[in-house]
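Trainee: Sequence:
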Amino acid sequence: MKNITVIGAGTMGNGIAHLFALHNYKVTLADVSEEILNKAADTIQKNLNRQLKKELINDLTRRKALSNITLSSDWTAGVSKADLIVEAITEQPDIKLDLYKKLDQTCGSHTIFASNTSSISITTIAAATKRPEQVIGMHFMNPVPVMKLVEIICGYATSETTTQAIFNLAKQLHKEPVIVNDYPGFVSNRILMPMINEAIIALYEGVSGVREIDTIMRLGMSHPMGPLQLADYIGLDVCLYIMKVLYQGLGKDKYAPCPLLINMVEAGRLGVKSGEGFYQWKSDSKELVVSDRFR
Numbered sequence: 019m020k021n022i023t024v025i026g027a028g029t030m031g032n033g034i035a036h037l038f039a040l041h042n043y044k045v046t047l048a049d050v051s052e053e054i055l056n057k058a059a060d061t062i063q064k065n066l067n068r069q070l071k072k073e074l075i076n077d078l079t080r081r082k083a084l085s086n087i088t089l090s091s092d093w094t095a096g097v098s099k100a101d102l103i104v105e106a107i108t109e110q111p112d113i114k115l116d117l118y119k120k121l122d123q124t125c126g127s128h129t130i131f132a133s134n135t136s137s138i139s140i141t142t143i144a145a146a147t148k149r150p151e152q153v154i155g156m157h158f159m160n161p162v163p164v165m166k167l168v169e170i171i172c173g174y175a176t177s178e179t180t181t182q183a184i185f186n187l188a189k190q191l192h193k194e195p196v197i198v199n200d201y202p203g204f205v206s207n208r209i210l211m212p213m214i215n216e217a218i219i220a221l222y223e224g225v226s227g228v229r230e231i232d233t234i235m236r237l238g239m240s241h242p243m244g245p246l247q248l249a250d251y252i253g254l255d256v257c258l259y260i261m262k263v264l265y266q267g268l269g270k271d272k273y274a275p276c277p278l279l280i281n282m283v284e285a286g287r288l289g290v291k292s293g294e295g296f297y298q299w300k301s302d303s304k305e306l307v308v309s310d311r312f313r
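Counting from 19, one number per residue, gives the positions in the sequence shown under our numbering.
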């Protein structure tokens, strides 16, 4: 696989494009929004500069990585010759399935489709195509250039050839691939999201405060950050969506999203992306400040 197209230039998409470009793959980063594409290009350049400053890469590698990326506001222009499509668009099933139907009609018969979905069934995505054996989950962790794990999800019809190709590719990207089967939440979010939800329940029931809950999980369980801070980074809307997928797919009350989480999403308090969640997120602030709502 030499030619990669990443569809979706948001946080995950630009990180994935950065990663492939850094390992000398030709990457087309596609999105319908010129504004998002320009923001993605700025983010990639800043992150490469940060790697250069930390002496993780040299300037030649940085410049070569930038030259490996082509931006496109017309996704069809970058897919006809792609060996691999990595999809990283919004977690809305209807939009994803419509995209895959169109990709199936546009791409060459050899092209593999890999979704970065954090919760939507790979089997369902594959069923929207006529090549279900070539559809797989390639779930990167954020921030993509830093985090070692790639969760590889095999749908019901995913072939061994496709699985091995993506496994080997992840290794070439210096990642640690782990293969899982296609069940709601896969492994990562089936375990992570109920933990985050339980932390929100503990706050909702008055067991303790935001900072206290996060401190206990950081210092007592050696987590890099507490579950409430992590929820803010992920996006509370994304957390809620995944909890709904788990609840609907597994049918157990333990997966029911906390009412506080639901209310915060309804109120537009989504975490970092909205500027406030469990914490206040201001670009000029270096201190982690708990939201006024929870003081």
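Since the hints were made in silico from the structure, they are not lab data.
What you are looking at is a predicted structure, and each value in this text was computed from that prediction instead of being measured.
Where hints are given, some of them may not hold.
[To be verified] Between beta-carbon pairs, the in silico distance windows are:
#1 268 - 78: 43 to 53 angstroms
#2 190 - 77: 15 to 25 angstroms
#3 92 - 112: 20 to 30 angstroms
#4 305 - 284: 22 to 32 angstroms
#5 161 - 305: 14 to 24 angstroms
#6 108 - 268: 22 to 32 angstroms
#7 239 - 307: 22 to 32 angstroms
C-beta: ideal position from N, C-alpha, C; glycine also.
Trainee: Give a verdict on every hint.
Mentor: Right, here's what the structure says about each hint:
no.	hint	in the structure
1	268 - 78: 43 to 53 angstroms	holds, 49 angstroms
2	190 - 77: 15 to 25 angstroms	holds, 23 angstroms
3	92 - 112: 20 to 30 angstroms	holds, 21 angstroms
4	305 - 284: 22 to 32 angstroms	holds, 28 angstroms
5	161 - 305: 14 to 24 angstroms	holds, 21 angstroms
6	108 - 268: 22 to 32 angstroms	holds, 23 angstroms
7	239 - 307: 22 to 32 angstroms	holds, 23 angstroms
In terms of the numbered hints stated before, the structure departs from none.
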